[in-house]
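Student: Top line first, the protein sequences correspond to chains A and B. Each residue of the first sequence is one higher than the one before, counting from 1 in our numbering. Each residue of the second sequence is one higher than the one before, counting from 1 in our numbering.
Treat the hints with care, as some may be off.
Quick list of the computed label-pair ranges, beta carbon to beta carbon [what the hints assert, rightly or not]: (1) A:A164 <-> B:T53: 26 to 32 Å; (2) A:A164 <-> B:S30: 34 to 40 Å; (3) B:E59 <-> A:T119: 30 to 36 Å; (4) B:T53 <-> A:G122: 37 to 43 Å; (5) B:G42 <-> A:E108: 43 to 49 Å; (6) A:A188 <-> B:T61: 31 to 37 Å; (7) A:S160 <-> B:D70: 25 to 31 Å; (8) A:A188 <-> B:V43: 28 to 34 Å; (9) A:S160 <-> B:N13: 32 to 38 Å; (10) A:S160 <-> B:E59: 46 to 52 Å; (11) B:T53 <-> A:S160: 33 to 39 Å; (12) B:T53 <-> A:L95: 54 to 60 Å; (13) A:E154 <-> B:D70: 43 to 49 Å; (14) A:L156 <-> B:T54: 38 to 44 Å.
Please keep in mind that the hints were generated in silico from the structure rather than gathered at the bench. For each residue, glycine too, the CB sits at the ideal point set by N, CA and C.
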Amino acid sequence: MALTRLGLNQSINLATNTTGTLAVSNGGTGLASGTSGQFLKFTGSTTVASAAAPGKIAQVISGGTSSGTSTSSSSFVNSNCTVSITPTATDSKVLLQFSGNGIFVANEGTAMAFQLVRTVGGVSTNIQTKFARYVGYLTVLSGLNDMQEACSFEFLDSPSTTSATTYTVQIQKETGSGSVTLCANGQASSFVAMEVLA
Amino acid sequence: MENISKFTTAINNLKTNVEWTHNGNNELNSEEEFNKILWNTGVDSNGSAIQSTTCPHSEITWTKVKEEMDKL
Numbered sequence: 001m002a003l004t005r006l007g008l009n010q011s012i013n014l015a016t017n018t019t020g021t022l023a024v025s026n027g028g029t030g031l032a033s034g035t036s037g038q039f040l041k042f043t044g045s046t047t048v049a050s051a052a053a054p055g056k057i058a059q060v061i062s063g064g065t066s067s068g069t070s071t072s073s074s075s076f077v078n079s080n081c082t083v084s085i086t087p088t089a090t091d092s093k094v095l096l097q098f099s100g101n102g103i104f105v106a107n108e109g110t111a112m113a114f115q116l117v118r119t120v121g122g123v124s125t126n127i128q129t130k131f132a133r134y135v136g137y138l139t140v141l142s143g144l145n146d147m148q149e150a151c152s153f154e155f156l157d158s159p160s161t162t163s164a165t166t167y168t169v170q171i172q173k174e175t176g177s178g179s180v181t182l183c184a185n186g187q188a189s190s191f192v193a194m195e196v197l198a
Numbered sequence: 001m002e003n004i005s006k007f008t009t010a011i012n013n014l015k016t017n018v019e020w021t022h023n024g025n026n027e028l029n030s031e032e033e034f035n036k037i038l039w040n041t042g043v044d045s046n047g048s049a050i051q052s053t054t055c056p057h058s059e060i061t062w063t064k065v066k067e068e069m070d071k072l
């Protein structure tokens, strides 16, 4: 081993004059190397590299309406319940939370169904499968004509865009010969969009 | 919501399987509100209704609907 005597006010060049690994007990990090996207995590006795925790909420947008929509349509029609969000990254997900109020059906045995539509740049896409579209399904028996219900659902979308994105709740009369209403008598329905970072 | 029930029944009495949509909180008891109704004319590839403010059903006018509503 070569030894160099240091003179007064001289210093050791750490870039060229040292070898080996400094032990944690002597102030070392215990890290051999890290990878992109990791961060340092203190475990009490040492420091290790851990994967970055995903799923942080980047933004929360509140939408919804108290403006009613009544329809006898057996195909889906737009309600006034919408929310618009502009994701900050293409790999973000958008968590949608719908809480519908003032749900009313005008005839016995008439049921109501929902679906969600995403609109980006004027192009609308049904973002639910045929199976998932029947998120809400209510019937009101005869004699309860003024009974109004509520329902809620969530949906996690992957819009793959950073463009302005509008989500619309659509409704339809699912069964029966009557009509269905959302936000009857001005009851407000909320519709919230949250961007979840990848 | 008695008004919307009467309107629905009145339409059904005039013609069955007519599909319509009304937006807003105003009661459907005036010609002005009747003229805001969107009438289904077809279905697009998303399963959404194609709509028009022009009523395609000659049997249905505001006068006839009002008469039916008044009977209920």
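Student: Against this structure, judge whether each hint is valid.
Tutor: Hints versus structure:
no. : hint                         : in the structure
1   : A:A164 <-> B:T53: 26 to 32 Å : holds (27 Å)
2   : A:A164 <-> B:S30: 34 to 40 Å : holds (37 Å)
3   : B:E59 <-> A:T119: 30 to 36 Å : holds (35 Å)
4   : B:T53 <-> A:G122: 37 to 43 Å : violated (21 Å)
5   : B:G42 <-> A:E108: 43 to 49 Å : violated (29 Å)
6   : A:A188 <-> B:T61: 31 to 37 Å : holds (34 Å)
7   : A:S160 <-> B:D70: 25 to 31 Å : violated (54 Å)
8   : A:A188 <-> B:V43: 28 to 34 Å : holds (29 Å)
9   : A:S160 <-> B:N13: 32 to 38 Å : violated (49 Å)
10  : A:S160 <-> B:E59: 46 to 52 Å : holds (47 Å)
11  : B:T53 <-> A:S160: 33 to 39 Å : holds (35 Å)
12  : B:T53 <-> A:L95: 54 to 60 Å  : violated (36 Å)
13  : A:E154 <-> B:D70: 43 to 49 Å : holds (44 Å)
14  : A:L156 <-> B:T54: 38 to 44 Å : holds (40 Å)
Figure legend: structure checked against the earlier numbered hints; hints not met, in rising order: 4, 5, 7, 9 and 12.
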